[in-house]
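Chains as they are written, first to last, in the working numbering: chain Z, 1 to 240; chain E, 1001 to 1257.
Honestly, I wouldn't trust all of these hints.
To be verified - The calculated lysine-lysine pairs, modelled on DSSO-like cross-linking and capped at a C-alpha distance of 27 Å, are: (1) Z:Lys25 to Z:Lys168; (2) E:Lys1025 to Z:Lys105; (3) E:Lys1025 to Z:Lys112; (4) Z:Lys135 to E:Lys1025; (5) E:Lys1255 to Z:Lys135; (6) E:Lys1025 to Z:Lys110; (7) Z:Lys26 to Z:Lys3; (8) E:Lys1255 to Z:Lys18; (9) Z:Lys3 to E:Lys1025.
No lab work stands behind these hints, which were simulated from the structure alone.
If you want the building blocks of each chain, they are given just below.
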Amino acid sequence: MLKVENLRKSFGDFEAVKGITFSVKKGEVLGFLGPNGAGKSTTMRMITGFLPPTSGTAVICGHDISADPVAAKACIGYLPESAPSYRAMTVEDFLTFCAKVRGFKGADVKAKVDAVIEKARLTSVRRQTIETLSKGYRQRTCFAQAVIHDPPVLIMDEPTDGLDPNQKFVVRQMIKEMSADKAIIISTHILEEVDAVCTRALIIADGEIKADGTPDALRAKDPSGKLDVVFRKLTMKEEK
Amino acid sequence: MCPCSKDGQTCGCRNVRTIFAREFKSYFDSPVAYVFLVAFLVLIGFLTFGVAMFYERRQADLTPFFFWHPWVYLLLVPAATMGLWAEERRNGTIELLLTLPITLGQALIGKFLAAWAFIGIALALTVPIVFTAGWLGSPDYGAVFCGYVGSFFLAGAATAVGVFASSLSRSQVIGFVVALALTFLLLIIGFDPVVNAVANWGVPTAIVNGVAECSLLRHFDAMRRGVLDFADIGYYIGVIVFMLAAARVVTDSRKAS
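All chains, please: the whole structure from these sequences, using the hints.
What follows is the structure, encoded as structure tokens:
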């Protein structure tokens, strides 16, 4: 469903992403692991069409993000880092706007908004303006806009960052509920997330893929069998 | 049905309309819109009646009213446009907006039209001044109509300058100041006292006039006196297209910063 081919991004002399290639199939939840500044967000921004790649490309459901960005973007749901949203709008108005931009019309708009409000557990705050909401609700509102059109590919940049344990649990629960019929990418630097939701993980550091495999396969890379030790071994030496 | 609609895909006009509606409504989501409208009307009223001595002239025409429009736009249009892109950057919503299945051009046009329509409402609220003139005498309604058309297009050009200025950074203050400076420059190069002063320095008349022809003011002058020339409207449309194209280039190349 999602194919990333030799994706590179340079900012001036600095090469943030140095040729990343991978693919994600339906039903897979791929964890993007890496220290801060590893190139996770930059990669996601290129896949979602926000940043143009310096070279390489991403193909989403057969649509090349550089050649046919609008069709490719229509297949993606994206939750950017820090979950931005139009804060002066109410949850309902914001999601209605997103549904309309996603191409829904008439009664469909309301049906989609109602359904996603229920799915993201936002019913109690649907008429509140987003700026009055707690971080957990804001995160879920942005999550709701990402899944309102039931996209085949879902990309989330640190979806549980800064949430309390209960809120994290709810977000992970929602991800699991949807994972069967979607290709999902989640970036994180929280290793417990991998065991909680991911079926496969990529470890990225310094703009390159350092390891790719199931959580168990990654664990097996070190005699200790601990994911955090493997993670440190693969990413620390690059930092020096 | 929109002509650009394709099977299974949302069409461009619809996207522009959706962006427009959100942006236009967002003006009224905060008190800013009302403060803006009141400031606009108070300023126009004060300049027309207080400074230009509308009553004392004992003529039922709206020349003194239209005379002030460019200068009121100079001050207030940047205030209405400064947040259009700067706010998107500051809140990070630009990443959301530009990863939706729309093009940057559609987002840009939607935002521009929303700001222009908002200024249009402010302009429409000045209509009681026409009634005042009509009650006092018999103004030339054709000239008044021309004045309004000219003023609306002038506002459109100033709005496009503001959209461009707002796309430059995440700071609304920069958006405001750059819009103010650019609009001021585009006005002043056609302002008669300035044009005459420059001509007196010995600058060739052809150059002085050529530069003055690029001014937002020059093209409004004829219209506010009641001469509706499509070349003038074409000029404003040209400024709008140019400024939006520039804003598109800037936004595209700096969206992550």
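Against the structure, the hints come out as follows:
At most 27 Å may separate the alpha-carbon atoms for a hinted pair to count; Lys25 of chain Z and Lys168 of chain Z meet this at roughly 25 Å. Proposed proximity of Lys1025 of chain E and Lys105 of chain Z is supported: the alpha carbons are some 19 Å apart, at most 27 Å. Among the hinted pairs, Lys1025 of chain E with Lys112 of chain Z is consistent with the structure: their alpha-carbon atoms are about 22 Å apart, no more than 27 Å. Proposed proximity of Lys135 of chain Z and Lys1025 of chain E is supported: the alpha carbons are some 25 Å apart, at most 27 Å.
For the given pair, Lys1255 of chain E sits about 25 Å from Lys135 of chain Z by alpha-carbon distance, which is consistent with the 27 Å threshold. Proposed proximity of Lys1025 of chain E and Lys110 of chain Z is supported: the alpha carbons are some 19 Å apart, at most 27 Å. This hinted pair checks out: Lys26 of chain Z and Lys3 of chain Z have alpha carbons roughly 12 Å apart, not beyond 27 Å. This hinted pair checks out: Lys1255 of chain E and Lys18 of chain Z have alpha carbons roughly 21 Å apart, not beyond 27 Å.
Straight-line distance between C-alpha atoms of Lys3 of chain Z and Lys1025 of chain E comes to about 39 Å, which puts the hinted pair past the 27 Å bound.
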